[in-house]
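Residue numbers (my numbering), protein chains in the order written: chain A, 1 to 116; chain B, 1 to 113.
Hints may contain errors.
[To be verified] Computed cross-link-like contacts, BS3-like style, restricted to lysine-lysine with a CA-CA straight-line distance of at most 30 Å:
(1) K19/A to K41/A
(2) K112/B to K22/A
(3) K77/B to K41/A
(4) K41/A to K112/B
(5) K108/B to K41/A
(6) K68/B to K41/A
(7) K60/B to K41/A
(8) K77/B to K40/A
Calculated directly from the structure, the hints in this document are not laboratory data. Bear in mind that the values here come from a model prediction, so they are computed numbers and not experimental data.
For reference, the chains in residue letters:
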Amino acid sequence: ETGVTQTPRHLVMGMTNKKSLKCEQHLGHNAMYWYKQSAKKPLELMFVYSLEERVENNSVPSRFSPECPNSSHLFLHLHTLQPEDSALYLCASSQDIARRGTDTQYFGPGTRLTVL
Amino acid sequence: GDSVTQMEGPVTLSEEAFLTINCTYTATGYPSLFWYVQYPGEGLQLLLKATKADDKGSNKGFEATYRKETTSFHLEKGSVQVSDSAVYFCALSDQDSNYQLIWGAGTKLIIKP
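Using the sequences provided together with the hints, build the complete structure.
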């Protein structure tokens with residue numbers, strides 16, 4: 001496997017379910033990101049991790065819970081979601097953060113989430 | 001704060017037409033500039049980038065020149081193909097953004113045969 005992979009690619013869940021999205025990067029990067037992409041809205045940065053430590057949390061509701069057990073893996077745990085949370089969730093990685101020249105982000109294919 | 005403004009879409013062109021997608025930015029420092037492309041049903045892919053004024057990024061026939069005097073990074077291609085249909089995102093990063101990407105809203109490009 002190369003690049004950034006995400007599983008599952010599609011997920012349908014009810015509002016009372018608990019599910020997790022998984023992201024894995026095979027690039028040796030130190031930083032990982034979760035984005036939300038909704039129709040007709042700009043790309044929203046949700047969480048940023050650097051060396052397994054969360055460095056940014058952009059006012060995301062607590063029903064989204066990230067986890068970064070190591071620099072290659074990133075999870076997004078979901079519980080009691082709302083229909084408006086339906087979107088494409090994108091994972092990305094970059095070599096580092098906060099340093100010029102390490103800022104190019106590489107994206108996975110995304111998980112298309114539908115909340116019923 | 002930093003920001004990126006892209007022309008609104010969709011942009012609809014015929015095959016082999018010349019393409020320009022405008023992107024302008026606001027930044028206090030000396031940002032790096034990026035174009036990403038998102039094909040239907042996929043994630044974003046880096047298309048090209050430029051890290052200093054007057055640099056030209058190029059890839060797959062697309063070009064963009066970093067113009068500091070006009071704070072622009074317009075994307076161009078001389079002859080588009082149906083396979084270029086996608087959403088194109090302009091982005092920047094600099095010290096003020098802590099080198100995280102600041103994104104434009106995206107421009108949808110539709111190429112008709």
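Measure nothing beyond the straight line between the CA atoms of K77/B and K41/A; if it is 30 Å or shorter, mark the hint as holding.
holds (26 Å)
Given the hint that K60/B pairs with K41/A, does the C-alpha gap stay at or below 30 Å?
holds (27 Å)
Run the distance test for K19/A versus K41/A: straight-line Cα separation, threshold 30 Å.
holds (24 Å)
Agreement of K112/B and K22/A with the hint, judged by alpha carbon distance not exceeding 30 Å:
Violated, at roughly 37 Å.
Does the alpha-carbon distance linking K77/B and K40/A stay inside the 30 Å limit?
holds (25 Å)
Within 30 Å, alpha carbon to alpha carbon, are K68/B and K41/A?
With a Cα-Cα distance of about 28 Å, the restraint between K68/B and K41/A holds, given a limit of 30 Å.
Is it true that the CA of K41/A sits at most 30 Å from the CA of K112/B?
With Cα atoms ~25 Å apart, K41/A and K112/B stay inside 30 Å; holds.
Has the given pair, K108/B with K41/A, been kept, meaning a C-alpha gap of at most 30 Å?
holds (13 Å)
Consistency with the previously given hints fails for number 2 only.
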